[in-house]
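Participant: This is what each chain is made of:
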Amino acid sequence: MPPKGKRGHANDKPKSGEDERDEPLQAVILADPFETRFSPFTLERPRCLLPLANTPLIEYTFEFLASAGVEEVFVYCGAHREQVEDYINRSKWVSRSSPFAKLELIQSTSNSIGDAMRDLDSRGLLIGDFIMVYGDVVSNLPLESALAAHRARRTKDKNAIMTMVLRAAGTSHRTKARSVNPVFVIDPSKDRCLHFEQMPNKDGSNFLSIDSELLSSNQELDVRQDLIDAGIDICTPDVLALWSDNFDFQAPRKGFLHSVLKDYELNGKTIHTHIVTDHYAARVRNLHAYDAVSKDITSRWAYPLCPDSNLIQGQSYRLQKGNIYKEDGVILARDCVINSKTVIGRGTSIGEKSVISNSIIGRNCYIGRGVTIDGAYIWDHASIADGTTVKRAIVANEASLGKKCIVEPGALISYGVIIKDGVTVRGESRITRAKRRRENGEDLDEGKSDPEVVGEGGGGFEFHDSDEDDEDEVVDGLVHRQPMYNLSHHNLSNESISTLNSDSEADFQVSHHTPSSSFLSTTSQDSDHAANFDHDATGSIYDSLVEGHETANIQLELTALRMSTNASDHQVRRAIIVSFVKRLSQLVKSGTSVKDAVVQVFKQHKDLIERSIFDKNTSVKSDQVDFLLLLQTELTHRENGNMILVSVATKLIELDVIGDDGLMQWWDSPKSSEGEDMRKVKEKTRQLVDFLNQSSEEESEDDDEEDSD
Amino acid sequence: MAQGATIAPGLTSFLKSLKTTPVDPSVEHFTSLLKRRQIRSSRPCAIATVALLLRVVIEFKGKDAAKLMERIRQVGRRMISAQPRELVVGNMVRRVLGLVREVVDENADVETNAASDNAHSHHDSLTRPNLNSSISNFSPLKHVATEPTDSNLSQSEHMSDSGELYRRPSLLTSHTSYAPTSNALMVHSLFGLFSQPETPSTSSTPTGHQSPDRKGMLTSLNLERLANLSMSNTTIDLRAEVMDGIKELQDELEQSDELIAANALDHIHSNEIILTHTASTTVQKFLLAAARKRKFTVVHAETYPHDHTATHGILLTGKKRESHQDDEDDVWKPLTAAGIQVVVIPDSHVFAIMSRVSKVILATHTVLANGGLVAAAGARMIAKAAKDHQTPVVVVSGVYKLSPVYPFDIEELIEYGDAGKTVPYEDGDFVEKVDVENPLYDYVPADLVDLYITNLGGHAPSYLYRIVADHYRTEDITL
Amino acid sequence: MPHATLPTPGFQALILCGPGASFSTFTSAPQDTPKALLPVANRPMVWYPLEWCYRMGVTDITIVTPPESLKVIEAAMSQNPHLTSLPTPKPTILAPKDLTHEMGTGELCRLSEVQSAITGDFIVLPCDIICELDGTALLDAWLIEEAGLGAASGGMRSTGKIPLGIGGEKLGRRGGLGVWYQTKGEGSTKGEETDFIATTPLPTPIVPPPADSLRLNISNLVYSLPTDTLNDITESKKCLPIRHSLIRKHGRVKMLSTYRDSHIYFFPYWVMEMIKKNESFESVSEEVLGWWAKAGWQHGLGDKLGLREIFYGQETSDSESGSQVAEDEIDVSRLSTTWAGGEDNTEVAPTMLASRVANSNLPQHAARSITRKSNLTVPPILAYVQPSAANVPLIRRVDTAHLLLAISLRLAKLPSIAEVGKDAASPFAHAAKITHRRMIPTKCRVEAENSLLADNVVVEEKTNIKECVIGVNCKIREGARLLRCLLMENVEVGPNVQLTDCILGRRCKIEGGASKGDEKTVLKDCEVQDGQVVEWGTEAKNEKFMRFALGDGEGDDAGFDDQVVSDGEADEGIPLR
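For the record, the sequence lines run as chains P, U and A.
The end of the first sequence is residue 709 by this note's numbering, with every number in the run present.
The end of the second sequence is residue 479 by this note's numbering, with every number in the run present.
The end of the third sequence is residue 577 by this note's numbering, with every number in the run present.
Source of the hints: derived by calculation from the structure; they are not laboratory data.
Take the hints with a grain of salt, since some may be wrong.
If we take Cβ atoms under 7 Å as the criterion, some of the chain U residues that face chain P in the derived model are [as the list claims (entries may be wrong)]: (1) P25; (2) H29; (3) K35; (4) R36; (5) A51; (6) D244; (7) E248; (8) E252; (9) F408; (10) D409; (11) E411; (12) G417; (13) Y425; (14) G428; (15) K433; (16) A460.
The calculated lysine-lysine pairs, modelled on DSS-like cross-linking and capped at a C-alpha distance of 30 Å, are [claimed, not checked]: (17) A:K462 with P:K156; (18) U:K421 with P:K295; (19) P:K269 with A:K475; (20) P:K262 with A:K237; (21) P:K684 with A:K304; (22) P:K190 with A:K238; (23) U:K16 with P:K92; (24) U:K421 with A:K520; (25) U:K285 with P:K341; (26) U:K63 with P:K102; (27) A:K462 with A:K541; (28) P:K269 with A:K238; (29) P:K156 with A:K237; (30) U:K19 with P:K102; (31) A:K304 with P:K262; (32) P:K404 with P:K420; (33) U:K293 with U:K247; (34) U:K433 with P:K92; (35) A:K520 with A:K184; (36) P:K269 with A:K254; (37) P:K435 with P:K448; (38) A:K520 with A:K466; (39) P:K269 with A:K509; (40) P:K321 with P:K341.
The structure displayed is predicted, hence computed values, not measured ones.
Even glycine gets a Cβ: it sits at the ideal position worked out from N, Cα and C.
Work out the full structure: start from the sequences and follow the hints.
Facilitator: Here it is in structure tokens:
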């Protein structure tokens, strides 16, 4: 690392000397990545102002740019522009002392990064090379060497239009993107990125396909999956031009990068990488990353970006042993316990016998007696009453939890939500008070609160916003490693739909949308339909089952419904399952033996099921697994569901609707075995599974063969 | 501008901008640089601070000394709060405040037509601020007699209870800050007690030494005097004098290394084996000075992971890696070029090699009033090893690093750095499961140090409180 | 580890002497001139691997050859001055009766004779390897990276089979090591065969290896294919599919397409068993390595290759005791810092599940409980990929005529021992470039620095010899001009013959004639078969002079050490005469 650093500086001087340009170094901050991964919080506040370790995200970005010596900054706002604006106007970055000579806000109606870039291009603000970052970058790495390398390349070859700054991380790392990993194929000799792909890729196959000419034309290729992509790009104006040339680009990586690399023959543009192995660089791309980066900051991996360097005025954090950061004026009861890796803001009071660990608590919070907070993020002015337990959840500003509440890991409690005493907030629930009014996503109105969720007289309701970029919503949610939420408690509330389908999203979602479109927020109307699709479909199927219609007709109806509401296959599957099971149990009640019932329902309509499963020939039978999961979930609250499950499973196998390994995978899948009832239901199916093991091995045998020679 | 684009902001860019921008923005600038650790380690901090304070004085329009001091104090607080662990910033602020007070006192004396020799002595102490401290190797007894603050300090120095250490000065300062009159009274009374036996001895020095406490009394008096009768000429030369006082301070900063190096030959003898660590300009110059006359061996602990790059740099090229930023940081040729054999060892080998080392020379981050010091991590281990092997430990440090702070809470003084330096951040499992702490500094207690070499010469650790007393006014200890 | 410092005496070398399908010109009759005895820079080919073994202290050497070549090789062993000059003990020559030329190396290893011959860790060498690189360094690297706490890595003893216990860090569970060399760059001939390999870096050791250690270039092999196979795949699939499971498991995969497998393998004993178990393994370099490399990251593949039985023994192959074993296996390897796969265990379970159910990230204990069998940790196959620097030690396989010539000439350039002295000289240096200077008349040009003249070579007046390797008893008549030629033994070159880039087989004769007169003999890029007579007045370019064309010589890929005809000679016409 010392030689590297040296080299950086060594070839620094001549470069800067050689293309000595008077144009200042510019940067563009995409303050709004046009995603809804942080909803419901992003309903009321812009994402870049969400507090990370009690400091607004965008502060980190500014710090990064400032220390990189950037002089002109353009902040590209999407939603909540005015909030961003007056925050920035109050911040030190516009004051005379600010390191930026120019700091400009740009507002546009664009609803995707692609549009934003095209808009930028049309404005022609950017003269020379510029740095493009998101409003949520946390990094302390100096860009000198990267810039130098970039300029050196560009002076050699005008077509080297972009340099991505990537941070090497191990094969498994908390700060890396989870479920959807980017894979960079790089020519190490030229640091040139040759191919970009995401795992799992769009056609659910589990293969990364490298072009044959890449192999032939390059002696050496590095396939890197161990990189943290902090979204720090050093671009030339040509990049913008490219954006505006191709109107279908939406996402910088999946869209732009991928396709630019793909048609290298056409445009001849090359994109390069600059991989750093020291310093810190990460993006708070989703809740999981939020968790990870917060941890990194409190345990000083991002030094000097840590609480006790008090980035904004008026902060007065002090480091104490064990990475405990306290601001002045924190009121601690004598026998409360503050464990390590904790941040506590000014004016917060913590009552007796409360235990705080690995948590970040904002300013002026009230925390009562005997409260247990672990790995949680409590934002300013929140209040938590006595005896409540909060684990790995986010409690936003002004939210208040009553006495003896239990907040399960993964729960998100949005602004001003009031949870009454003794309520248990489930892990996957996202409670908010604000509802986006449909006609224009901007302004909000108070939704009526739902006592189911927040208890009598509480404020807030279960949030489900169907225009969600379903990139990796819950998969990369706050709690991630052990998905605690057990689906067994669900009846078919829309809620569970949204979780589930975002869960298995990476397969079917991508497989049925163009990669870019998943960035486009689908317009609210049809997503409304998508929500009530389930209910219609289930109804219709069930009826036609009762009337004993032809499978074909049902299929027809279903397809029609699906088309009209552009529902996901997942939903289709659910609809089928629900109706079938309903029918089943009804038959069973009416006295038919389970076996016959199964035969009657499933055998008869097997095509229906088959049409809803698309992964016969891929090796990851995500659809089948999904199907079985739904079935299982559905059966958890039917009596003798386990019996039904066994017989149905066997039936499906012998009908060859479900492949053996499909079943195996379901069996292995974590969701199939979380929660008591799930396991209970599942248990009986064991012998079937055991029986199948042998054959399933054969199966995987040949699918191994295929690429072996 | 392209320069700005390629080179991260640092001390140089700050000093450059300082010339043009008014005080308050540049204070902001400075603090943010401190926060980003783009200005770090004592020397740059000191330089920046003094330069900044100079600006403050220059821009100060008012006539009132008290206002000026208040202004300086308030600027100082902001800078200190930005990075409380860079104690040097505080030191510099206190030094400047001290300067102002001296000027005020002098004017006061002028007006009150005090004894000319008194004034003269003041003049000395002003123009050559090192004078009184250079005389400061008198028996502490006399100082106990003359200087109440010192008496406290010295007593508290002898009792090694840190809690005590802490309370004493603060208690005292609470007096000075809240009720200056009472302080004056106290001082007065004490002075009255001991002044009688003093008078016969008419050497200039004791009076010179009475001056501080007399000042103590006088300041309180003449501050309000200054307030009501605002004589233009006094204020004029108030600013002027303070400014050239600051200029001298800057000279001191520049010269301190040379002054320290001047002592080298007294301490380093031929064929000695010297152990040192970290890349320290002061130490390098010190050794180089000795190397001109004598041949010896230097064992250099590389202090991985913080300074090893700088260490290697300083040994191979004679330039620290970051020294491309402050260009005025003069180049010197590396030790090896001076014909000195240098052995670089990892810190883990220190104990093993200590038995053969004849002297340990430590650079320091800052020196504390009780003779302890805060130095780059690894210093304490070295000092301890040296203790076990009865190897003398010499600390070289400019006076500007000497701060009136007492280590009542060591955690407060030690900064924890980037954990990624010690454990590769790539190691996902490690990062996930292990808490890594990476202290940048060690606190080395006074009893592990045998000798301090400052630009005033050599001192025993137990004696630093004197120098503290000479350089910082008790009123300024808490800002 | 008794043999961590110096190579174990129990270490065996297996030298496979193939038919050299690609030398159709010279090895047409394996019974009298097998490939192994072709002279490379005046030494029989097999001398090089033998010398290499002796150099690194491996003396238990077995030469495997088909029966028909047995006699010649034995004879050579006892007569050829170079071979006899090798230290004792002499290598044992093994000629399994049902070993044919077409048999693949994998099958060969399954032959009972070979099986019984191998009793411990062994090295597999082809007879055509020219390896300047010191084997000891490789062996050290292998031992450091792969040595277990246990001593022997299993094998056969007089007492019978040594059980593969799982004491220590996989006693008898070590991985293997292969060597790859860069084919591009200096000293490369066109159309040389290459292999496609993918490697992943080993975890950086706590104590970094010394700068000169080979370990710096040793990585973990995860994928290996001959390039032509790769091309088939890419043609059929339009791209190279790489399993996500690989990428998920190894964050960083390096793919190299211009390197070639030197076919030098350091194998622990169990590899023999693996080969025995899997009848389908055609050749060592393709199947064995390919599958083994994959088994490292592809879940369940190890089981399919029957490794579980090999490692745990049949009786413990059922699940729970198997898992039992695996558990403490895992613990042990956790403790180890030397084992390459050290951190893999933490990965395996999640990754393989991830490959099954999308986005399932479940904690490992769950994974363990769910996976039917505990996952099997396959010891890695390491790859020493020779860095492509300026003067790296020469590693080449001489399996085409081009290479034969090129390498011979390259070796000829080596300064002789006479010039630079014993220890400075390369191991392949000859005692002297020109054995008997005085036999060379004054009025002729022989460039000594880049030519090699063996014992009693007769050179007449006015000859011009440049960059040539000339074998024993050759006669170069008056006025002959030789440029970049390789002359085997007893070749006679007539007067005024001009030869460029030619290879002349044993006892062949190029008739000469008067310098004046329009007739002349000019051969360029020609290969002349043993005992051939090329009469005066032949002007040929890029031809092969042989008794009969053997078409079948070309294109049998499953050749003895899986030769593949390099496209170099595919286009060479073969004139019948």
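Participant: Report the numbers of all earlier hints that the structure fails to satisfy, in ascending order.
Facilitator: 5, 6, 7, 8, 9, 10, 15, 16, 17, 19, 24, 25, 26, 29, 31, 33, 34, 35, 39
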